[in-house]
Each structure stands twice: as C-alpha cells, then as structure tokens.
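Asks: Sequence:
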Amino acid sequence: MTTGFGVLPSFVHPWMSGGSLHDFIQREPKLSAQKKLDILYQVADVHNEGIVHGNLTGAVYGSQISVVL
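One gets the working numbering by counting positions in the sequence shown from 1 and adding 128 to each.
Ranges of calculated distance between the beta carbons of each label pair, as one might list FRET restraints:
no. : residue 1 : residue 2 : range
1   : G147      : H175      : 19 to 29 Å
2   : V135      : V171      : 17 to 27 Å
3   : E156      : V135      : 32 to 42 Å
4   : G134      : E156      : 31 to 41 Å
5   : V174      : G134      : 16 to 26 Å
In short, the hints are calculated from the structure, not lab data.
Small disclaimer: the values here were computed from a predicted structure and weren't measured.
Glycine is no exception: its CB is placed at the ideal position from the N, C-alpha and C atoms.
Using the sequences plus the hints, can you model the full thing?
Replies: Right, dumping it as structure tokens:
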C-alpha cells in the first residue's frame, strides 16, 4: 500500500511476469470465448464493487496493440 496518488491510499502491484493480456491471448489461441468473457466479467465485478484502477491495460504502455476478444 502506498500514498501519493491522490486522497485515497493505493495498491501498487509489480508487472506481471507472464506479460500483458495481449501476450496471454497470443500464447493461448484456443482460449474459449467463455474464458474471454470471464475475464471481462471479473473486471466488471470489480467496478461494480466500487473499486477503481488507474492504469489497468491489456498491452504495454505506449504500444498501439489492441486486444480483440
């Protein structure tokens, strides 16, 4: 937990060793549509609980990569 990102305390997590969401989907081409939807639903659940995030992305910062689910 850290401070300095506004009025609320923040959690800062290390970079994922497995890479970005884009990297994961590229490595798992047989990932079912249901599994992809599960990922989206998990993010939606976090938002519905009032939890927000700053820079949660599916690609490396500054890249022009898009992830198509």
